[in-house]
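**Student:** Work out the full structure, taking the sequences as your base and the hints as a guide.
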Amino acid sequence: MTTSPATDSADSSGSNDTGDTLVLAFVSTPVEADLVREWLERYREAQPDARTELLRIDPERPPSVMARLVGQLERDEQRSILPVRVFWMPRAEASALSRVIALLPGRNPYRPNERQQRRIVRTESSLARVVAGEPATVAELRQQWSQNTVGENPRDFAHFVTRRAVLALERAEYRILGPQYKSPRLVKPEILASTRFREGLENIPGATVDEAGKMLDELSTGWSRVSVDLVGVLTRLLSRGFDPEIDYDEYQVAALRTALENHPAVLLFSHRSYIDGAVMPVAMQENRLPPVHVFAGINLSFGLMGPLLRRSGVIFIRRSIGDNPLYKYVLKEYVGYVMEKRFNLSWSIEGTRSRTGKMLPPKLGLMTYVADAYLDDRTDDVLLQGVSISFDQLHETAEYAAYARGGEKTPEGFGWLYRFIKAQGERNYGKIYVRFPEAVSMRQYLGPRDGADAIDPDAKRLAMQKMAIEVAWRIQRVTPISATGLVSALLLTTHGLALTLEQIHHSLQEGLDYLERKQTPISTSALRLRSRDGVRAAVDALSNGHPVTRVDGGREAVWRIAPEDEHAASFYRNSVIHAFLETSIVELALAHAGRGEGDRLEAFWNQAMRLRDLLKFDFYFADSATFRDNIAEEMSWFTDWEARVAAGGAEIDGILSEKKPVMSDVMLRVFFEAYEIVADVLCDAPADIGEKELTQLALGVGRQYVAQGRVRSSESVSTLLFATARQVVADQQLLQDAPDLAERRRAFRGELRRILKDSDHIAGIARREFFARDAEARRLRRARGER
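Residue numbers 707 to 1493, in this note's numbering, belong to the letters of the sequence shown in order.
Since the hints were derived computationally from the structure, they do not count as laboratory data. We treat Cβ as the ideally placed atom computed from N, Cα and C, and that holds for glycine. One or more hints might be untrue.
Just the calculated beta-carbon pair ranges, DEER-fashion [stated by the list, open to error]:
id, residue 1, residue 2, range
1, K1224, I1004, 40 to 46 Å
2, R1479, C1389, 37 to 43 Å
3, R902, R1149, 57 to 63 Å
4, L760, S1026, 48 to 54 Å
Here are the simulated DSS-like cross-link-like pairs (lysine-lysine), alpha carbons at most 27 Å apart as the crow flies [stated by the list, open to error]:
id, residue 1, residue 2
5, K1137, K1038
6, K1224, K1322
7, K1034, K1047
8, K1115, K1069
9, K1115, K894
10, K1137, K1172
11, K1166, K920
12, K1115, K920
13, K1166, K1038
14, K1224, K1172
15, K1034, K1172
16, K1224, K1137
17, K1166, K1034
18, K1224, K1115
19, K1398, K1366
20, K1398, K1115
21, K1069, K1172
22, K1366, K1069
23, K1069, K1038
**Tutor:** Next comes the structure, spelled out in C-alpha cells:
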C-alpha cells in the first residue's frame, strides 16, 4: 500500500518472499463478492505457489470483521496485505442530464445499487473491473503506524491498515480515471490519529479531540467523482452568457502539467467575479490536471449550496479566526496534511473580489500555513502557481459601481444566487481568459527546511511578502489586454462627448502599436481592433449602457460613456492600466521637469520615483532598479532625450507631442484626484479622524467638486479609491498627531494639485494632437470622395 502504480489485477511482484498474501476485499453486495472471487481464482492460477487468503471487509466494518483482521495481522509480520475492490466505470458518453441525475440517491454511476450491478455485469461487463492497490507487508504497515499515529492496541492497528488499504485503492482508481479525479480521502481519521496532531493539541488549553474533530468536519472537502463529472455542467450554468470555450495558452498548460507532477501547488487566482471559483475547477478538468480544493468564505455555505460545494472541492473557512487558537491550529494542520499528501489548494491571492478592476495587494493569511508545512519538512517544495482569470465583460460591474458610490454589499443567499444566474443569461459577455504564468518556488524564497520555528518571524514574513508580490506580478504580466478595457479607456477621456467609429478606430491604433512594441499579451478581441469591423463589434458589445451608449439618428452613429456609467467603465479601464503604467509615469515626470528649474534631468528621475512611491498602494511595480531601467528604455525611443529633457520647456513639450500614445491623463488622473480629495478633507480635519468619517467627508466634498467642475468626473469620487487614498496619506504620516501636521497636510495637498496640473498640461497636448490627426483624416477622406 505504497504510492506505486496499481493495475487492474495484482501480480506477484508486490508479494513477500514467503508468498503469503492476505487479500482485503472491500465489497458491499453479493455481485461484488462474486466478481472478487472470480478475480481471486485467476490470481491464484497465475501464482500457484502463493498462499492466498481472502478477508471480506464490509463498508460498515463491524466489530466481528475487525476482530478477524486483528487475528490475521498477528500471524506473520512478513505477510503481504493486498487490497482489492470492484471499480464501476461510468459510461464514457454521459449527457449533461445524466450527470445531473447522478446526484439523486441510487443514481451514482460509481456506486450502482445491486440491481444495477447485475444489469451491468450482464450487458456491459467491461464497466465492472476489480482493481488492486499496491501491497505492503504487515511489518511495513506496523512501522508506519508506530511512527505516525497514536494507536496503542491491535484494533487501532487494524483500523490503520483498512485506512491505508482504502487510500491505496483510491490511488489505483484515479490512475484509471485520470488525474482530474484525484482527491483526498479519510482526512479526518488520518489527522486525528496522527501523533503530531495529538502532540500539538496538548499545547492548546482546553482543547479536545472531539472539538477538533467537529472543526475538521467543517473544513473537510473532496471531489466526489460525480461532482467532477458535473462540474462543467454547473459552471456553464453560472457562466452562461460567456463563450462556452475558455481561452487558454496551451504552452502554459503543458508547463503547468509538468510542474504538478513533481510538487504540490497552491493555485492563486486573480479575483474579479464570483465566477472565478467556478472557473478554476473547470480549467483544471478541461486540461486533465489534478483538481484543486478552493478555499471560500463560510458565508457561501447556505442551504443546499454548502453540501454541494463541499463535494465539489470547496473548503469553507470562518471569516474571523484570530481569537480561536484551536481553529487556527486545526486549519494549519489541515493545510499541512493536504500539502504532505501532494494535493493542490487554491484561493484568491487578493483575498476578495477586486471591485475596481485592478489587482489588490496580496493577502498572506493562508499562505502562512503552507509555508509552515514546507518548513516542517512535510514537502520538499511548494509551487505558488499564479492564475490569471479575466473576462471581456462582467455584469457585476453595476454592483461595483454602486459600491463606489457608497452602496452596501448584498448578503449571499438563494435570492442572491437566483438574481446572479438570471443576470448571467441576459446578454453576451464575451470570452473568459485563463492564463498560467511560471510558478514561484517556495523553497527559493524560504531556503532550507529547518522547521517553522527555526526561521526568524520577520525574515519569514518578508520572504512571504516577496513571494506573494512576485506571484501577483507574474499574474499581471500574463493577463491579456482586452478590447473592452481599451475602448473604455479611450471613451473615458472625452468625459461624456461622443466619438465616431472612425475616431475610435484611429485613436486605438497608437495604443495597439505600443502594446505590440512592448510584447504585451493581447486578447483576440483586442487584436481585432486593428480593423473597423473589430472596433464596431467591440463598441456594439459595450452598448446599451454596458457601459457605452450608442447615439443613432444622425448622419452616422456615435458612441459615448454617460456620466452615470463612468464608474462601471472605469472597472474595465483599470484592468489594462498595468500595461500603460510606466509610460504614464514617464509623461507626468516629463511635465514636472518641464515646469521646473535647475537640473531638469534630475527632476525627471526624482519625480518618476516619487510617483512610483505614491502609487504603490494601487499598483504593482518592478523593483527600483528594474523600474529605472524600464523608464530609460521608454525614453530611449526619443533621439537625444536626455539633452532635450535638460533643455526643458518646448523641448519637453516636443517629446510629449511626439509620444504615442499619451495615456497618463486617462489612466492615472482619477487616482490622484481621489488622493487630492482625501488630502483636502484632511486639511481641516482632526488628527485622529476615523476611516469611516474620512470616507464620508470625502464623498461629500467630492460630489461638491464634481458639481462645481473642480473634479473632472464622478469617477474619482469612489469609496473604493478613497480606501487606497487613506493608505497613501497614512504612509505619508498624515494621520499621526504632530506639531507640524497641518502644515504637512497642506503641503501634500499642494503636491497633488501640482501633479494634476501636470496632467492637465499633458491632456491639452493630447487633445491638440487628436484634433490635428482627426482633421488630417477628414481631409484625406474628402480627398477620396468619402463623407
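**Student:** For every hint, state whether the structure bears it out.
**Tutor:** Hints and how they fare:
1. The supplied range of 40 to 46 Å is met by K1224 and I1004, whose beta-carbon atoms lie about 42 Å from each other.
2. In this structure the supplied range 37 to 43 Å holds for R1479 paired with C1389, their Cβ-Cβ distance being about 41 Å.
3. At about 21 Å, the CB distance of R902 to R1149 disagrees with the hint of 57 to 63 Å.
4. Under the hint 48 to 54 Å, the C-beta atoms of L760 and S1026, about 52 Å apart, fit the expected range.
5. A threshold of 27 Å between alpha carbons decides the hint, and for K1137 with K1038 the separation of about 37 Å lies outside it, so the pair is violated.
6. Pair hint K1224 plus K1322 holds up; C-alpha atoms about 22 Å apart against a cutoff of 27 Å.
7. Between K1034 and K1047, the direct Cα distance comes to roughly 20 Å. Compliance with the 27 Å bound is thereby established for this hinted pair.
8. With a C-alpha separation of about 21 Å, the suggested pair K1115 and K1069 falls inside the 27 Å cut-off, and the hint holds.
9. Taken as a hint, the K1115 and K894 pair is broken in the structure, with Cα atoms around 35 Å apart against an allowance of 27 Å.
10. At most 27 Å may separate the alpha-carbon atoms for a hinted pair to count; K1137 and K1172 exceed this at roughly 32 Å.
11. Distance restraint check for K1166 and K920: the Cα-Cα separation of roughly 31 Å exceeds the 27 Å cut-off, and the hinted pair is therefore not satisfied.
12. Restraint check: the Cα-Cα separation between K1115 and K920 comes to about 30 Å, which exceeds 27 Å; the hinted pair is violated.
13. Between the alpha carbons of K1166 and K1038 the distance comes to roughly 16 Å, so the proposed pair stays at or under 27 Å and holds.
14. Between K1224 and K1172 the alpha-carbon distance is near 25 Å, which keeps this suggested pair within the 27 Å criterion.
15. Our distance criterion of 27 Å between C-alpha atoms is met by K1034 and K1172, whose separation comes to about 24 Å.
16. This hinted pair checks out: K1224 and K1137 have alpha carbons roughly 24 Å apart, not beyond 27 Å.
17. For the given pair, K1166 sits about 18 Å from K1034 by alpha-carbon distance, which is consistent with the 27 Å threshold.
18. A threshold of 27 Å between alpha carbons decides the hint, and for K1224 with K1115 the separation of about 39 Å lies outside it, so the pair is violated.
19. Taken as a hint, the K1398 and K1366 pair is broken in the structure, with Cα atoms around 41 Å apart against an allowance of 27 Å.
20. Straight-line distance between C-alpha atoms of K1398 and K1115 comes to about 16 Å, which keeps the hinted pair within the 27 Å bound.
21. Among the hinted pairs, K1069 with K1172 is consistent with the structure: their alpha-carbon atoms are about 12 Å apart, no more than 27 Å.
22. Simply put, K1366 and K1069 have alpha-carbon atoms about 36 Å apart, too far for the 27 Å limit, and the pair is violated.
23. Our distance criterion of 27 Å between C-alpha atoms is met by K1069 and K1038, whose separation comes to about 16 Å.
The structure is inconsistent with the numbered hints 3, 5, 9, 10, 11, 12, 18, 19 and 22, although it conforms to all the rest.
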